[in-house]
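Asks: So you can see what is in the structure, the chains are spelled out below.
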Amino acid sequence: MRLILLVILVFGLAAGIGLGATWWTVAHGLPVARLAIGPWRAEPDAGTLAADPYERAGAARRGEAPLAAGDGLPFTAETDDAGRPLDLACDYALEGRLPNARLWSLAAFSPSGSPIESQGETVGLNSANIIRFDGGPLRIALSREARPGNWQQLSGAGPFVLRLTLYDTTIGTPLDRSDPDALLAIRRESCR
Amino acid sequence: MMRLLYALALGVTLGGLVHIATLFAVPLMAPGSAYDRLAGAAPVGRFAVLPEAGAETLPFRDPSFVVAACRYDLAAGPVAIRASLPSTYGSMSVHNRYGQPFYALTDKAATDGAVEVTILSSDDVAAAEVEEAPEGRPALRIVSPTATGFVLVRLFASGPSARPALRDLAGKASCDREPTRQISP
Numbered sequence: 001m002r003l004i005l006l007v008i009l010v011f012g013l014a015a016g017i018g019l020g021a022t023w024w025t026v027a028h029g030l031p032v033a034r035l036a037i038g039p040w041r042a043e044p045d046a047g048t049l050a051a052d053p054y055e056r057a058g059a060a061r062r063g064e065a066p067l068a069a070g071d072g073l074p075f076t077a078e079t080d081d082a083g084r085p086l087d088l089a090c091d092y093a094l095e096g097r098l099p100n101a102r103l104w105s106l107a108a109f110s111p112s113g114s115p116i117e118s119q120g121e122t123v124g125l126n127s128a129n130i131i132r133f134d135g136g137p138l139r140i141a142l143s144r145e146a147r148p149g150n151w152q153q154l155s156g157a158g159p160f161v162l163r164l165t166l167y168d169t170t171i172g173t174p175l176d177r178s179d180p181d182a183l184l185a186i187r188r189e190s191c192r
Numbered sequence: 001m002m003r004l005l006y007a008l009a010l011g012v013t014l015g016g017l018v019h020i021a022t023l024f025a026v027p028l029m030a031p032g033s034a035y036d037r038l039a040g041a042a043p044v045g046r047f048a049v050l051p052e053a054g055a056e057t058l059p060f061r062d063p064s065f066v067v068a069a070c071r072y073d074l075a076a077g078p079v080a081i082r083a084s085l086p087s088t089y090g091s092m093s094v095h096n097r098y099g100q101p102f103y104a105l106t107d108k109a110a111t112d113g114a115v116e117v118t119i120l121s122s123d124d125v126a127a128a129e130v131e132e133a134p135e136g137r138p139a140l141r142i143v144s145p146t147a148t149g150f151v152l153v154r155l156f157a158s159g160p161s162a163r164p165a166l167r168d169l170a171g172k173a174s175c176d177r178e179p180t181r182q183i184s185p
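Note that the protein sequences, when read in sequence, are chains L and D.
Each residue of the first sequence is one higher than the last, beginning at 1 in the UniProt record's numbering.
Each residue of the second sequence is one higher than the last, beginning at 1 in the UniProt record's numbering.
All the given hints hold, so there is nothing to weed out.
Derived CB-CB ranges, DEER-like:
{"hint": "1", "chain 1": "D", "residue 1": "MET2", "chain 2": "L", "residue 2": "ALA89", "range": "50 to 60 Å"}
{"hint": "2", "chain 1": "D", "residue 1": "ASP36", "chain 2": "L", "residue 2": "ALA27", "range": "11 to 21 Å"}
{"hint": "3", "chain 1": "D", "residue 1": "GLY171", "chain 2": "L", "residue 2": "GLY156", "range": "28 to 38 Å"}
Incomplete in silico selection of chain D near chain L, CB under 8 Å:
{"hint": "4", "residue": "PRO27"}
{"hint": "5", "residue": "GLY32"}
{"hint": "6", "residue": "ALA34"}
{"hint": "7", "residue": "ARG37"}
{"hint": "8", "residue": "TYR89"}
{"hint": "9", "residue": "SER158"}
{"hint": "10", "residue": "GLY159"}
Sample of chain L residues lacking proximity to chain D, with all beta carbon distances greater than 12 Å (derived):
{"hint": "11", "residue": "GLY135"}
{"hint": "12", "residue": "ARG144"}
{"hint": "13", "residue": "ARG147"}
{"hint": "14", "residue": "GLY149"}
{"hint": "15", "residue": "ALA157"}
{"hint": "16", "residue": "ARG187"}
{"hint": "17", "residue": "ARG192"}
Because the hints were derived from the structure by calculation, they are not lab data.
All residues carry an ideal CB built from backbone N, CA and C; glycine is no exception.
Construct all of the structure, not just a fragment, from the sequences and the given hints.
Replies: Spelled out as structure tokens, the structure:
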């Protein structure tokens, strides 16, 4: 009887630990081994054949085709600077400077990856349609209501993620990886 | 007591093995992988421009880009890709069956505004070397790690007004079977 209980314990523990660890790491990614700049996270190897099994499994589960490393590097933010999850009910102010890149784009997505629509269209901010102020840092407002300057409309409810993609950039390469620059700071303003 | 500790240690060790095995199985078994999602939107052997909204076809797609996709199947022979990439920013990336990119070119590599690549299966490499025509532009040939996969052509749209023309351009990319050449004895 005790032997049967021990066997059940062994297999239960094995299944629990093994499947639990797989589920968690595939859903959240490995907490280490990523490029982290403030609230932004990137996986520079995910777009190469050298991607580790965690990156491969994560991309397969999301159904995503990762951006090739030679193309660009996407940074994802799920929280603001204070670590609170991004919420569509809140306003956010993004401010900072971006590292050298030929092109960058910023877009808001639902956690499952569909773009947040504004007035029936999906529009993303990018380096070609952004307004810059002389000498000042880049400022972007995320809000449900129209804002002056660079404004990305939010709509709907619930959590969201921000994706900042730098195209044709050296950040994420071994030379730059040791010296991560600050990306856009994400400051939460009022919530409704 | 010793037996319980032994059982716990065994359970944890087996748990590690289960974790490794299931982790490697995820890309093979994940429902709704990128290739499966494209099955509804992009036919085999032809580029289709993906709809602007919705996560059903490729989630986390950059809304600043116009994306066209083509699935390929190397069972019937090599596939030749030709895509026009405007110099505003365009890229062509080749992904394997599990969505992992293994080759990418941006418009910087384009000649006359277009890139041309031939995708081969590892079995076709030797044959392709024999068939190499002495004249003409040297062909860029890459070997796909899997027999099926997909190609994405992504063109940057600086504004909504640029989209219709870019959608036309992206849709004109071709991904046909390579015309077979005669092998001279």
